[in-house]
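Engineer: Based on the sequences and whatever the hints tell you, model everything.
In the numbering used here, the protein residues as written are 1 to 504.
Misleading hints may appear alongside valid ones.
In silico DSS-like pairs for lysine-lysine, Cα to Cα no more than 25 Å straight-line [claimed, not checked]:
#1 Lys228 <-> Lys110
#2 Lys315 <-> Lys344
#3 Lys441 <-> Lys391
#4 Lys110 <-> Lys122
#5 Lys100 <-> Lys40
#6 Lys110 <-> Lys100
#7 Lys100 <-> Lys122
#8 Lys391 <-> Lys315
If you are wondering where the hints come from, they were derived from the structure by calculation, not from laboratory data.
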Amino acid sequence: MNVKPFFAACAAAIAACAWAAEPVAPVGRVSLASKDRQWKIVYGTADGPEGRALELLSSELGSVYVRDPGVYTLHVLPCERAGSGCVPAATNAFLLGTVKSNPELAARVKPGEVPSGGYLVKTVDGGRKVVIAGDTPAAVTWAVSDFLEDGLAALAVEHWDGLRYRSQIFERPALGRYESRRAPKTPVRSVFTWGHVIDDYRAYFRNLARLKFNEVVLWNNRPPVNAKEVSDYARSWGISVLWGYSWGWTTDCRQIDFDRLDELEDAIVDEWRRTWRPLGGDGIYFQSFTELGTGTVGGHSIAEAVVGLVNRVAKRIRAESPRERIVFGLHASSVKDRLPEIDKTDPSVEIYWEDMGGFPYNYGKRFDPAPAQTLNDRILAEDRSVGLVFKGMLTQDWKRFAYQAGPYVLGCASESTIAEDARVADELWQPYLADWHLRGKTAHDAIRRIQSARPGRPAALNAAVNANGDVRFPFALVAEMFWDASEPYDAIVNRVLRRAWIRR
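Structural biologist: Written out as structure tokens, the structure reads:
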């Protein structure tokens with residue numbers, strides 16, 4: 001049998017099908033073939049947090065620039081280091097970095113236009129360029145987040161009936177007008193988590209940076225074997241790491257032996273010296289025997305005993321490491337009526353207050369903002385550095401929770417483990433999501449009141465949260481309010497809900 005005519009016919013049929021399948025521009029939309037591919041990133045440096053900002057911008061623009069919807073063809077977004085030359089006004093470019101690192105960016109920013117500790121994002125040159133400027137390297141990442149989350153939502157191409165298409169933003173040679181100039185109301189925006197429940201530490205810190213957090217407390221019974229790698233990676237995103245361990249805290253703090261506090265003191269200092277100091281973190285965080293619903297145990301004052309222990313330990317640590325950052329995770333439930341005694345804590349020790357009252361400071365159905373508000377006022381009136389901790393989002397299956405059996409590799413779980421943890425978390429997040437829909441305005445009122453009381457007070461706002469996997473709406477909302485709650489609640493909710501990557 002002569003197969004040549006058969007194959008020739010097949011080839012002709014395939015060619016005909018390919019010709020027939022050529023894309024046709026949908027009615028009412030710009031042809032995908034006309035998408036402008038002239039954009040590039042002009043960056044200041046690829047090192048440290050600015051390098052992570054470059055990575056984030058380049059990767060996330062893929063959904064609206066690098067790939068056409070439904071088409072395999074891969075385009076690249078060129079990245080060019082800023083030089084001394086001038087980028088022409090007609091060139092499409094994202095100008096990324098700080099005023100110091102990127103001269104092309106500096107040429108389009110007025111003195112003082114980038115707010116202290118914050119960032120500036122704006123379209124310039126008739127929409128052919130986007131300035132993405134941070135006051136600090138970490139703030140460059142926050143500026144990128146602003147553009148990706150809020151800028152792209154604002155620049156989406158609007159069609160009939162208010163429909164907006166992110167996929168068409170770069171089908172035009174110039175962008176519309178966008179400007180965002182923001183600085184945080186709370187200097188430290190922090191997260192507390194058990195270290196061994198983190199599934200993927202790289203995704204974890206990337207998400208925290210994108211939410212504009214700049215600190216993480218990692219609580220462990222035993223140190224991770226990859227601790228240095230983990231802390232170095234966090235810092236590359238502008239996130240400082242506090243290693244958390246117990247200074248007498250257990251799941252039942254009533255078991256504290258007040259006659260053996262000297263032995264406990266020695267053990268705490270020895271563990272710091274042998275275990276936590278060598279890890280190269282940015283400080284230590286501890287909890288002691290204050291997680292109780294009573295102010296005394298066996299006739300001993302919890303406040304008096306814990307302050308004495310903390311001051312002695314802090315003095316010994318400072319003798320060896322004078323600049324060591326020490327943060328005291330203090331449960332208000334056992335000491336809220338003994339604040340004069342707590343005021344005797346070493347002034348160099350920061351205090352993060354937990355269990356301040358009901359939602360959002362605690363779990364369960366307790367919902368009375370008045371006690372927490374009164375306590376907040378008393379605490380924030382002091383001059384020491386303090387933080388306030390929001391609980392409730394640490395959605396873990398506590399019925400099956402297990403302590404570490406020993407040192408371990410942090411944040412390198414398998415895909416099947418990640419999937420199973422996501423399934424469990426879905427069920428646990430759901431009621432808390434409902435709580436935030438019902439009570440979120442009350443939390444907003446509390447944060448706005450706190451932030452407006454005194455500039456820079458409190459020094460920190462912390463969320464105890466299970467932040468594995470997808471970022472949930474309550475967590476993203478809290479992050480936004482930790483940054484600045486001065487806007488109306490509905491405006492903040494509206495902005496967060498428009499962010500494409502947030503899980504509702």
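Engineer: Are the hints correct? Go through all of them and say.
Structural biologist: Hint-by-hint comparison with the structure:
Proximity of lysine 228 to lysine 110 is assessed by CA-CA distance (about 40 Å); at most 25 Å being required, the pair is judged violated. A C-alpha spacing of about 14 Å is found between lysine 315 and lysine 344, which places the hinted pair at or below 25 Å, so the restraint holds. Simply put, lysine 441 and lysine 391 have alpha-carbon atoms about 16 Å apart, close enough for the 25 Å limit, and the pair holds. Only pairs whose Cα atoms come within 25 Å are accepted, and lysine 110 paired with lysine 122 is accepted, the gap being roughly 12 Å.
For the hint linking lysine 100 to lysine 40, the alpha-carbon distance of about 20 Å falls within 25 Å, and the restraint holds. A C-alpha spacing of about 13 Å is found between lysine 110 and lysine 100, which places the hinted pair at or below 25 Å, so the restraint holds. In summary, the hint linking lysine 100 to lysine 122 is supported, as the alpha carbons are separated by about 18 Å, within the 25 Å threshold. For a cut-off of 25 Å, the pair hint linking lysine 391 to lysine 315 is broken: about 30 Å separates their Cα positions.
Checked against the numbered hints above, the structure violates hints 1, 8; every other hint is satisfied.
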